[in-house]
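Listed here are the chains, written in short residue letters.
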Amino acid sequence: MRRDRAVSMSLNYTMTLAIATILVTGLLIASTNFVENQREDVIRDELAVIGQQVASDLARADRLVTAADSNGSNLTVSVNQTFPERVAGSTYHMSIDSSDNLVLTAAGLDVRVTVGLVVQTELETNSSAYGGPVRIVYVSTGADSGTLEVQNG
Amino acid sequence: MADLRCRNRGQIILVTAFALAVTFVALALIVNSAIFTENLASRGEIAGSDDALSMRAMVENNVGRSIETANRLNYSGDLSGTVEQSIRNVSTQTEFQQSTTGALVNVTYESHRDGTRITQNSSSQLTFEAGTKSDYVVVRDVSRVDTPGGNGTRAFRIDASEITATDNDSAFEVKVNATTDPTGNEDSWRMQVWNSTDTQVSIKTIRNDSGTTTSEQCTVDTNSSSFNIDVTGGTVNGQPCNALRTAPSGENFRFASGAGDSYDIYFRNADMIAGNFSMVVHDDGVTVPDTISSIGAGNPYNTTALYDVTVRYTYDTQNMGYETDIRVAPGEPNA
Amino acid sequence: MRGQAHTLEAIIAGLLLLTSLIFTMQMTAVTPLSASTSSQHIENQQEAAGTGVLAAANRANAIKPALLYWNNSGERFHDANEQLGYYTNGPPDNALGAMFQRSFNERGIAYNVHFQYQNNSDLQTVRYIYSGVPSDNAVASTYTIALMDDDHLYDADGAQNETRLSDSNATYPIPDTGQNVYNTVRIEVVTWRI
Numbered sequence: 001m002r003r004d005r006a007v008s009m010s011l012n013y014t015m016t017l018a019i020a021t022i023l024v025t026g027l028l029i030a031s032t033n034f035v036e037n038q039r040e041d042v043i044r045d046e047l048a049v050i051g052q053q054v055a056s057d058l059a060r061a062d063r064l065v066t067a068a069d070s071n072g073s074n075l076t077v078s079v080n081q082t083f084p085e086r087v088a089g090s091t092y093h094m095s096i097d098s099s100d101n102l103v104l105t106a107a108g109l110d111v112r113v114t115v116g117l118v119v120q121t122e123l124e125t126n127s128s129a130y131g132g133p134v135r136i137v138y139v140s141t142g143a144d145s146g147t148l149e150v151q152n153g
Numbered sequence: 154m155a156d157l158r159c160r161n162r163g164q165i166i167l168v169t170a171f172a173l174a175v176t177f178v179a180l181a182l183i184v185n186s187a188i189f190t191e192n193l194a195s196r197g198e199i200a201g202s203d204d205a206l207s208m209r210a211m212v213e214n215n216v217g218r219s220i221e222t223a224n225r226l227n228y229s230g231d232l233s234g235t236v237e238q239s240i241r242n243v244s245t246q247t248e249f250q251q252s253t254t255g256a257l258v259n260v261t262y263e264s265h266r267d268g269t270r271i272t273q274n275s276s277s278q279l280t281f282e283a284g285t286k287s288d289y290v291v292v293r294d295v296s297r298v299d300t301p302g303g304n305g306t307r308a309f310r311i312d313a314s315e316i317t318a319t320d321n322d323s324a325f326e327v328k329v330n331a332t333t334d335p336t337g338n339e340d341s342w343r344m345q346v347w348n349s350t351d352t353q354v355s356i357k358t359i360r361n362d363s364g365t366t367t368s369e370q371c372t373v374d375t376n377s378s379s380f381n382i383d384v385t386g387g388t389v390n391g392q393p394c395n396a397l398r399t400a401p402s403g404e405n406f407r408f409a410s411g412a413g414d415s416y417d418i419y420f421r422n423a424d425m426i427a428g429n430f431s432m433v434v435h436d437d438g439v440t441v442p443d444t445i446s447s448i449g450a451g452n453p454y455n456t457t458a459l460y461d462v463t464v465r466y467t468y469d470t471q472n473m474g475y476e477t478d479i480r481v482a483p484g485e486p487n488a
Numbered sequence: 489m490r491g492q493a494h495t496l497e498a499i500i501a502g503l504l505l506l507t508s509l510i511f512t513m514q515m516t517a518v519t520p521l522s523a524s525t526s527s528q529h530i531e532n533q534q535e536a537a538g539t540g541v542l543a544a545a546n547r548a549n550a551i552k553p554a555l556l557y558w559n560n561s562g563e564r565f566h567d568a569n570e571q572l573g574y575y576t577n578g579p580p581d582n583a584l585g586a587m588f589q590r591s592f593n594e595r596g597i598a599y600n601v602h603f604q605y606q607n608n609s610d611l612q613t614v615r616y617i618y619s620g621v622p623s624d625n626a627v628a629s630t631y632t633i634a635l636m637d638d639d640h641l642y643d644a645d646g647a648q649n650e651t652r653l654s655d656s657n658a659t660y661p662i663p664d665t666g667q668n669v670y671n672t673v674r675i676e677v678v679t680w681r682i
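Residue numbers (this note's numbering), protein chains in the order written: chain F, 1 to 153; chain L, 154 to 488; chain P, 489 to 682.
By construction, these hints were calculated from the structure, which means they are not laboratory data. None of these values were measured; they are calculated from a predicted model. From the three backbone atoms N, C-alpha and C, an ideal C-beta is built for every residue, glycine too. Among these hints, one or two may not hold up.
[To be verified] Heads up, incomplete: computed chain L residues facing chain F, CB under 8 Å, no partners named:
1) Ile165
2) Leu167
3) Ala179
4) Phe189
5) Thr190
6) Ala194
7) Leu226
8) Val290
9) Thr350
10) Gly438
11) Val441
12) Pro442
13) Glu476
14) Thr477
15) Asp478
16) Arg480
The shape of chain F in the complex, shown without the other chains (with noise of 0.2 Å):
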């Protein structure tokens, strides 16, 4: 034993271990705080884009609707897209609500985007597509008439 030693090396190595553990503990936590919000903005930015692409395939299919000759049952118009089935780890879903607004939520993050979207052709409240190959079909609804789906595959 060393003669200038500090008072027990009990209390000294309880002491050292404790602020250790503090410090790591600050560390781990933050660091954690960090990814998380990291993941969210991720998350966020990634379903706008998401969002914004399958909005511009809307207006596609609005575009071939609308510059049809024929409608109704005489039409038929399908884009598809692929999209990435994750975004940065969790999965995600997308769906038309009836303010004619596109929703997107990610699985257990709560986060949620939404994409305004104007077309001329009506579109199907409620219909919905999880992430993966999108497909944007117009179904005809009667002789003349029929309305734009988001669906999956």
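We have chain F already, so just place chains L and P on it with the hints.
Leaving out everything else, chains L and P in the frame of chain F:
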């Protein structure tokens, strides 16, 4: 510091290191996701979707050309059969070429509407019966294809080599009148053409909607002494003329606008203009009293023609499918 | 024995540290340019420019006169390179050439133009303007047009000639297929940045 002889040295630091390592891996996943997002955001249109509409415009042009050529050359034979075969040719060749870039295009003839083509191509005055009649009926009972708002005449073009009138009092006039003509309240559309100076042509259009008259005039300066007046297209030698289109006031002055669902076309003062003209009218029972049915010197004549053709257009790529009917009627007034 | 275990432990610890450092460094070393997003933007832009020029040329009725700008007696396009038969020194002297000059030459974009057509179930190509082998980031835009049997050839000054495509003495390289429709030609414009 802790006892260096202890076997359990640095455990807390080890655990911290593991936890930080897991954090780094999670961050790597997130950064990867962010980079992919940026790439996703820079993607333009998916292959083929805007091409579907531009290919549709090209198909419409090409089918329109087939109709025009067939009307000019094959009026005495099987007109619809010829056009059907031309469409098939164009479709097969276009399909073959587009398949090398990953798109499937198909155009199939579906149906057509009969028409009558009224032409004069002898470069003389637009009069009838060798110059004796300068006020005459060109065609009676032209019905629109779609009521309201449809058209009954298309591709009405006048290639004037000489316009003699210098003001609108004695100018050459094309009058489109509703078939039932109650006295005083006619529904008509009139166009007067005269030569204000050597290279300037003036056109005045007068619309009469059950008694209310509105008019619009335009003067076009061309650099030549022959004038190519596209009446249904609204241009003179390629330059737009407001009297044959929607006026700046918002009123529609296109050919036969406001003239009722079924109308007659008259020429007045046809000795004031010389050249060629051509028009195709929808034939659902028209009569052509003052034209002859075979080519005769100096007289307008009529031949059978196609007014419009409906084709089924398909455009398929890996990411897109589009199938619709297209109605092709080249030279129709657009409104 | 204990010394060996200690050494092994030290080496593995060192390797772990090194691996984790490399992994961390790699994760943050990706820059926006490495995903080639900027060249993607340029390619999108050029494709849109090419399609726009062709659509505008169609509206101005400049495509058919450029297609039929053929010197019947000389058996090549008007003022084209004499041995090669296509333009290598800038665009031709017609409306379409002027549009290409404004949209491409003045902006430092090189382009090749060729016509594709069908010859008895064979796809063949006629070169119109050639500026060299395209780079790796080249994009193509196309326009399809149908030629009719009674279309006229065009003279060097842009006026219509008397010779029709269906005439027996016409030396136009694209062959006649079928009635009324002469052939369907696809114009392809390949553009890239110099």
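Which numbered hints does this structure break? 2, 7, 8, 9, 10, 11, 12
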